[in-house]
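Student: Residue strings, one per chain:
There are 2 protein chains.
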Amino acid sequence: MGTISKALELLDLFSPDRAEIGLTDFVRLSKRDKATVHRHLTELAQNGFLEQNPDSRAYRLGPAVLRLAALRETLFPMRKILQPLVIELSEIVGELAHASLLQNDEMSPLVHADPKVHGIQVHFDVAEMLPLHATSSGLAALAFFPDATIDRLMARPLKKHTARTVADPSRMRDLIEGVRQYGLCTLADAFEDGVSSVGAPIFGQGCRVIGALAVAVPTSRAAPRKTHEIAGQLQRYARKATVALGGAYPKTFEDLPPNWSGTKFTVHRESKETEPNA
Amino acid sequence: MGTISKALELLDLFSPDRAEIGLTDFVRLSKRDKATVHRHLTELAQNGFLEQNPDSRAYRLGPAVLRLAALRETLFPMRKILQPLVIELSEIVGELAHASLLQNDEMSPLVHADPKVHGIQVHFDVAEMLPLHATSSGLAALAFFPDATIDRLMARPLKKHTARTVADPSRMRDLIEGVRQYGLCTLADAFEDGVSSVGAPIFGQGCRVIGALAVAVPTSRAAPRKTHEIAGQLQRYARKATVALGGAYPKTFEDLPPNWSGTKFTVHRESKETEPNA
Chain A
1 MGTISKALEL
11 LDLFSPDRAE
21 IGLTDFVRLS
31 KRDKATVHRH
41 LTELAQNGFL
51 EQNPDSRAYR
61 LGPAVLRLAA
71 LRETLFPMRK
81 ILQPLVIELS
91 EIVGELAHAS
101 LLQNDEMSPL
111 VHADPKVHGI
121 QVHFDVAEML
131 PLHATSSGLA
141 ALAFFPDATI
151 DRLMARPLKK
161 HTARTVADPS
171 RMRDLIEGVR
181 QYGLCTLADA
191 FEDGVSSVGA
201 PIFGQGCRVI
211 GALAVAVPTS
221 RAAPRKTHEI
231 AGQLQRYARK
241 ATVALGGAYP
251 KTFEDLPPNW
261 SGTKFTVHRE
271 SKETEPNA
Chain B
1 MGTISKALEL
11 LDLFSPDRAE
21 IGLTDFVRLS
31 KRDKATVHRH
41 LTELAQNGFL
51 EQNPDSRAYR
61 LGPAVLRLAA
71 LRETLFPMRK
81 ILQPLVIELS
91 EIVGELAHAS
101 LLQNDEMSPL
111 VHADPKVHGI
121 QVHFDVAEML
131 PLHATSSGLA
141 ALAFFPDATI
151 DRLMARPLKK
161 HTARTVADPS
171 RMRDLIEGVR
181 QYGLCTLADA
191 FEDGVSSVGA
201 PIFGQGCRVI
211 GALAVAVPTS
221 RAAPRKTHEI
231 AGQLQRYARK
241 ATVALGGAYP
251 KTFEDLPPNW
261 SGTKFTVHRE
271 SKETEPNA
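Residue numbers (the numbering used here), protein chains in the order written: chain A, 1 to 278; chain B, 1 to 278.
FYI, nobody ran anything at the bench for these hints, they're computed from the structure. Honestly, I wouldn't trust all of these hints.
Identical copies go unnamed one by one, so any copy, or any two together, can satisfy a pair.
Here are the simulated lysine-lysine pairs, DSBU-like style, with alpha carbons at most 30 angstroms apart [stated by the list, open to error]:
hint	residue 1	residue 2
1	K116	K80
2	K226	K6
3	K226	K240
4	K159	K80
5	K31	K6
6	K80	K160
7	K34	K6
8	K240	K80
9	K240	K31
In isolation and in its complexed conformation, chain A is listed as follows (with noise of 0.2 angstroms):
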């Protein structure tokens, strides 16, 4: 890994539940040597990346973030086109809604929105990465990569986040094929035990996926035809989000059976998993 990936890497620490980071923690969580993080960070500081607590000297996001996001949204306004669709959502369904883009192998989440109807609710973590193969937004944009793409990235390990995570590549396959049929993914407990969700693939120019748009909801409240009902507001939505976008929102997909619940690996049919030949 090179210098500078491994100093943007110090940036990936912070998070909702770790505000400041002081270098004695930055060596720890990054198991690198105290010389080389201490000159990182000063660089990052240097450049408005990071900031001092100026009492306890411990570093936090600078505002170059800011002003780089802010310039972005200028000549890109994905945030300020998207934040009112996932609240619609969010609040059309009841449940929390977010939208993530692609950045490499992995999904950045851009927006989200709770609307606050339910004691328990799912907790969306701003900071954290959502891993193409174990979220419904991942495996949602996954599905149009190109096939050369999916077979390099099918290749590697697939890291079991929980223990309904689909590593095996076929089974991974399978998914993969429902997806491309109906433009949504379904998954239950497969990034975190107690959370399913679905999600819609949203997409750029040329129908070339970009994001999606996802709902996540406690498995215990993921019944059958709320699932559906889900299901269905975020096909609309996603097309409404690509079209907003200027993209493109592929012809083909299917409109949603009335006996739709997802693929065989979601939590509503996990008994057909166990029935040898279903």
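Fit chain B to the supplied structure of chain A, relying on the hints for placement.
Tutor: Below, chain B alone, put in the same frame as chain A:
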């Protein structure tokens, strides 16, 4: 300059007029050799700080900056807090208002609002860093640095952005005294010809300066009465912004006297500058 800084500086080449930059243009604009620039671009893209237009292969700012900005806003919601105040201020004074945050020896733009009530309005470039000595935002902040820091900054040659940029250390110290008295700075044509502005410091905990609010007006419209009115509103809004961010606003600022019109370096008292012994 270190490798990391060299790579991060490439991100500063984007601007509202330059949304995408190809390799050749990066080489030309950065005046560095092609192999190095290419390696830096590749690492920045691998980490999501850049992404490539799939058609032209040109680079643009990537989704990582949006994610990190969203995280910083979750942890320290400055944009969310300052945006409504900046909008309100711009509507009250009918001119472009903006907030910026200190980033080392420059000000990093955070939010701006243009009430669009005049045919001619100051254009605000969200990508451009504001120098401390040549902008009212910068001087409003600089005036509250420790004296030793001010001495260090004054010891460097001060860039003349226009014929009217104050680059003489003793005149600069007069300006700083004025800012310390009222918590306000006015400048005319100091950063850009034809643009006047009034700036006011925003403070964090312990009255430490963290940023500035400012209003920018075409110099042709910056009559003394209007400047006075803007200055009064800025005093109010800088205090509001400081309180909203959890900071402490100094109690030492004097109320604006009716005849206040900035310092002797502002446009409306320009005549006095040429009066001997004025």
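Student: Hint by hint, note whether the structure agrees.
Tutor: Now the hints, each set against the structure:
| no. | hint | in the structure |
| --- | --- | --- |
| 1 | K116 x K80 | both (22 angstroms within a copy, 20 angstroms between copies) |
| 2 | K226 x K6 | neither (43 angstroms within a copy, 51 angstroms between copies) |
| 3 | K226 x K240 | within (21 angstroms within a copy, 46 angstroms between copies) |
| 4 | K159 x K80 | neither (33 angstroms within a copy, 37 angstroms between copies) |
| 5 | K31 x K6 | both (11 angstroms within a copy, 25 angstroms between copies) |
| 6 | K80 x K160 | neither (34 angstroms within a copy, 37 angstroms between copies) |
| 7 | K34 x K6 | both (13 angstroms within a copy, 22 angstroms between copies) |
| 8 | K240 x K80 | both (14 angstroms within a copy, 26 angstroms between copies) |
| 9 | K240 x K31 | neither (44 angstroms within a copy, 43 angstroms between copies) |
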